[in-house]
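Q: Below, each chain spelled out in residue letters.
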Amino acid sequence: MSGAKYLNKLIQEIPPSGIRKYFDMASQMEGVVSLGVGEPDFQTPWHIREEAIYAIKSGKTFYTSNVGLPELRKEICKYYQRRFGVSYDWQNQCMITVGGSEAIDIVMRTLLDPGDEVILLQPGYVAYEPLVRLAGGTPVIIELKEENHFKLTKEALENAISDKTKILFLNFPGNPTGGVMNKEDYEELIPLIKAHDLVVLTDEIYAELSYGDKFCTISSFEEIKEQVIIINGFSKAYSMTGWRIGYLLADADIIKSMNKVHQYCIMCPSTISQYAAVEAAAKGDNDCDVHRESFEGRRNFIVNGLNRIGLKCHLPEGAFYVFPNITSTGLTSDEFCEKLLQQEKVAVVPGSAFGKCGEGYVRISYAYSIDEIKEALERMERFLNSLK
Amino acid sequence: MDELKLLHVLENDPRISITDLADILNETEEVVVRTKRRLEDEKIICGYHTVINWDKTNRDHCMAIIEVGAQPERESGYDNVAAEISKYPEVSSLYLMSGKSEFMVVIQGKTMREVADFVGQKLAPIEGVKHTITCFVLKQYKVEGVVVTEDEEPVKRLIVTP
Numbered sequence: 000m001s002g003a004k005y006l007n008k009l010i011q012e013i014p015p016s017g018i019r020k021y022f023d024m025a026s027q028m029e030g031v032v033s034l035g036v037g038e039p040d041f042q043t044p045w046h047i048r049e050e051a052i053y054a055i056k057s058g059k060t061f062y063t064s065n066v067g068l069p070e071l072r073k074e075i076c077k078y079y080q081r082r083f084g085v086s087y088d089w090q091n092q093c094m095i096t097v098g099g100s101e102a103i104d105i106v107m108r109t110l111l112d113p114g115d116e117v118i119l120l121q122p123g124y125v126a127y128e129p130l131v132r133l134a135g136g137t138p139v140i141i142e143l144k145e146e147n148h149f150k151l152t153k154e155a156l157e158n159a160i161s162d163k164t165k166i167l168f169l170n171f172p173g174n175p176t177g178g179v180m181n182k183e184d185y186e187e188l189i190p191l192i193k194a195h196d197l198v199v200l201t202d203e204i205y206a207e208l209s210y211g212d213k214f215c216t217i218s219s220f221e222e223i224k225e226q227v228i229i230i231n232g233f234s235k236a237y238s239m240t241g242w243r244i245g246y247l248l249a250d251a252d253i254i255k256s257m258n259k260v261h262q263y264c265i266m267c268p269s270t271i272s273q274y275a276a277v278e279a280a281a282k283g284d285n286d287c288d289v290h291r292e293s294f295e296g297r298r299n300f301i302v303n304g305l306n307r308i309g310l311k312c313h314l315p316e317g318a319f320y321v322f323p324n325i326t327s328t329g330l331t332s333d334e335f336c337e338k339l340l341q342q343e344k345v346a347v348v349p350g351s352a353f354g355k356c357g358e359g360y361v362r363i364s365y366a367y368s369i370d371e372i373k374e375a376l377e378r379m380e381r382f383l384n385s386l387k
Numbered sequence: 000m001d002e003l004k005l006l007h008v009l010e011n012d013p014r015i016s017i018t019d020l021a022d023i024l025n026e027t028e029e030v031v032v033r034t035k036r037r038l039e040d041e042k043i044i045c046g047y048h049t050v051i052n053w054d055k056t057n058r059d060h061c062m063a064i065i066e067v068g069a070q071p072e073r074e075s076g077y078d079n080v081a082a083e084i085s086k087y088p089e090v091s092s093l094y095l096m097s098g099k100s101e102f103m104v105v106i107q108g109k110t111m112r113e114v115a116d117f118v119g120q121k122l123a124p125i126e127g128v129k130h131t132i133t134c135f136v137l138k139q140y141k142v143e144g145v146v147v148t149e150d151e152e153p154v155k156r157l158i159v160t161p
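Here the protein sequences come in this chain order: E and V. Numbering that gives the first Met the number 0 numbers the first residue of the first sequence as 0 and each following residue consecutively. Numbering that gives the first Met the number 0 numbers the first residue of the second sequence as 0 and each following residue consecutively.
It is worth saying that the hints were derived from the structure and are not from the lab. Treat each hint with caution, since some may be false.
[To be verified] Incomplete in silico selection of chain V near chain E, CB under 10 Å:
1. Lys4
2. Asp12
3. Ile17
4. Ala21
[Unchecked claim] Across the chosen pairs, the derived CB separations fall in these ranges:
5. V:Cys134 to E:Lys59: 36 to 44 Å
6. V:Glu29 to E:Asn91: 53 to 61 Å
7. V:Lys141 to E:Lys77: 32 to 40 Å
8. E:Lys77 to V:Arg33: 42 to 50 Å
9. E:Glu371 to V:Tyr94: 35 to 43 Å
10. V:Asp78 to E:Lys59: 47 to 55 Å
11. V:Asn52 to E:Gly58: 37 to 45 Å
12. E:Tyr53 to V:Leu137: 26 to 34 Å
13. V:Thr27 to E:Gly58: 53 to 61 Å
Remember, predicted model here, so these are calculated numbers, not experimental data. Think of the CB as a built atom: it goes at the ideal place given N, C-alpha and C, for glycine as much as any other residue.
Throw the hints in and build the complete structure from the sequences for me.
A: The structure is reproduced here in structure tokens:
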């Protein structure tokens with residue numbers, strides 16, 4: 000405890016993650032069926048793993064350039080062109096980061112002056128708000144609504160913009176809601192973004208896991224492309240969470256400056272992981288397709304199951320989460336998750352961990368086998384019946 | 000409904016129940032049953048098989064892969080020879096190949112003697128068969144996409160992550 004006096008004010012004000020508690024509780028128990036993880040259940044495809052082994056055998060274990068391996072940047076730019084139809088210059092509009100998380104951090108530290116406002120959408124990924132605060136920014140929260148399928152509306156954006164707004168931070172398909180924005184949804188927002196000269200930071204880590212319409216990146220709107228910064232990575236699409244490879248695509252001046260932060264705190268991401276990622280970007284399209292089809296089937300399975308046992312939810316269009324409303328049980332998100340874990344040993348995550356407006360919801364991940372999902376649904380049904 | 004999706008699910012889990020299948024495909028059970036039956040009738044679904052590692056049982060088992068050279072016939076090509084070879088239940092798979100020999104035949108039997116007798120007395124004398132090259136299988140490692148040797152410990156993910 001004696002070290003506490005040395006901590007800075009900012010870090011003292013940042014609360015511990017709302018997920019930690021459930022992790023600690025569930026880790027102590029035997030026989031837990033978890034629907035609580037935010038990572039795919041596939042092994043990283045073997046052809047990708049093999050490239051990493053080959054890199055080690057060939058002695059490719061030195062630093063790479065700060066912005067990352069040229070081959071990897073080339074392949075990523077080709078990939079974005081091929082899959083999503085937007086073009087970036089690998090030489091000065093792309094850099095490799097340690098997962099999407101580092102990418103968020105260096106964007107904030109490069110762009111924010113004290114007091115600058117960042118519009119965040121909630122329920123949203125747990126890291127966004129703390130990283131904005133750590134960089135001296137002020138988060139401004141837009142509460143996404145279930146009745147809008149957790150999409151961002153023009154009205155909500157208009158109300159959130161002030162003369163201090165610098166960044167609009169998007170995440171579609173979104174964690175934890177599975178919400179998706181299509182071309183028509185974005186079209187509504189473009190004039191506002193243009194008029195207020197907002198930087199649009201778009202976390203597209205779940206892009207490959209879009210089930211309805213083909214994924215639309217907001218950078219495909221030419222009139223604001225210079226204002227857009229794309230964050231993506233290999234974790235979700237190729238099942239490569241532990242490899243820690245993400246990337247940024249943006250205007251050349253911004254990349255150059257972000258690289259100043261990156262080069263001093265990171266130097267470069269793991270060289271071995273970068274070689275594996277080259278293989279994924281160049282030859283992994285089929286892996287993405289196979290993973291998507293598998294997740295889509297499991298999404299249908301769990302949504303049909305949840306509706307049948309009385310937890311009503313709509314069909315999310317992306318990512319691998321469902322976000323059912325649990326207010327009909329009369330419990331708070333926290334109570335629901337704690338009781339479910341204690342009574343039936345099923346681990347899910349309270350919506351409130353993803354922002355205040357996540358209260359009344361829980362996040363259920365379906366990155367599990369059909370058998371595991373089935374077992375969890377049976378236990379949840381017993382749990383819901385016990386509440387009646 | 001998307002038939003390819005139905006086939007992908009069944010390919011990985013032929014024992015799946017109709018209820019689960021309907022949930023996964025987001026279709027009614029009735030539509031799933033009807034589509035599945037039609038795919039069976041059209042011989043797009045040709046069977047539901049079990050992958051068995053006989054090496055782990057106490058039953059004698061012997062498997063051989065045999066290259067068969069064959070003479071084509073006017074009009075029918077290799078089809079008549081193939082039909083003759085296919086008639087034997089010992090033949091579990093038969094393919095027409097590019098390369099040195101015309102056919103690749105997979106034979107399942109109880110013992111080496113039994114397989115050898117089958118090749119010498121039944122397969123080689125078929126009209127149109129020119130030669131055979133018999134390769135006995137020594138050990139199975141992967142069958143129909145399934146690794147049948149010792150399993151690795153499954154890697155565990157954390158129980159809850161953001």
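Q: Decide, hint by hint, whether the structure agrees.
A: These are the hints, each one checked on the structure:
The criterion of a C-beta within 10 Å of any C-beta in chain E is met by Lys4 of chain V, whose closest approach is roughly 7 Å, and the hint holds. Because the closest C-beta pair between Asp12 of chain V and chain E is about 8 Å apart, less than 10 Å, the hint holds. Look at Ile17 of chain V: its Cβ only gets to about 13 Å from chain E, farther than 10 Å, so that hint breaks. Among the interface hints, the one on Ala21 of chain V holds; its C-beta lies about 8 Å from the nearest C-beta in chain E, closer than the 10 Å criterion.
Distance hint for Cys134 of chain V and Lys59 of chain E: a CB-CB separation of about 39 Å, consistent with the stated range 36 to 44 Å. Taking 53 to 61 Å as the suggested C-beta distance range, the pair Glu29 of chain V and Asn91 of chain E conforms, at roughly 58 Å. Restraint check, Lys141 of chain V to Lys77 of chain E: a C-beta distance of roughly 33 Å satisfies the suggested window 32 to 40 Å. Taken as a hint, the range 42 to 50 Å holds for the pair Lys77 of chain E and Arg33 of chain V, whose Cβ atoms sit roughly 43 Å apart.
Separated by about 38 Å at the C-beta atoms, Glu371 of chain E and Tyr94 of chain V satisfy the suggested range of 35 to 43 Å. As the Cβ distance of Asp78 of chain V to Lys59 of chain E is approximately 52 Å, the hint placing it in 47 to 55 Å holds. For Asn52 of chain V paired with Gly58 of chain E, a C-beta distance near 39 Å keeps the hint of 37 to 45 Å intact. Between Tyr53 of chain E and Leu137 of chain V the CB atoms are about 29 Å apart, so this pair conforms to the stated range of 26 to 34 Å.
For Thr27 of chain V and Gly58 of chain E, the hinted distance range of 53 to 61 Å is satisfied, since their beta carbons lie about 58 Å from each other.
When each numbered hint is compared with the structure, a violation occurs for hint 3 only.
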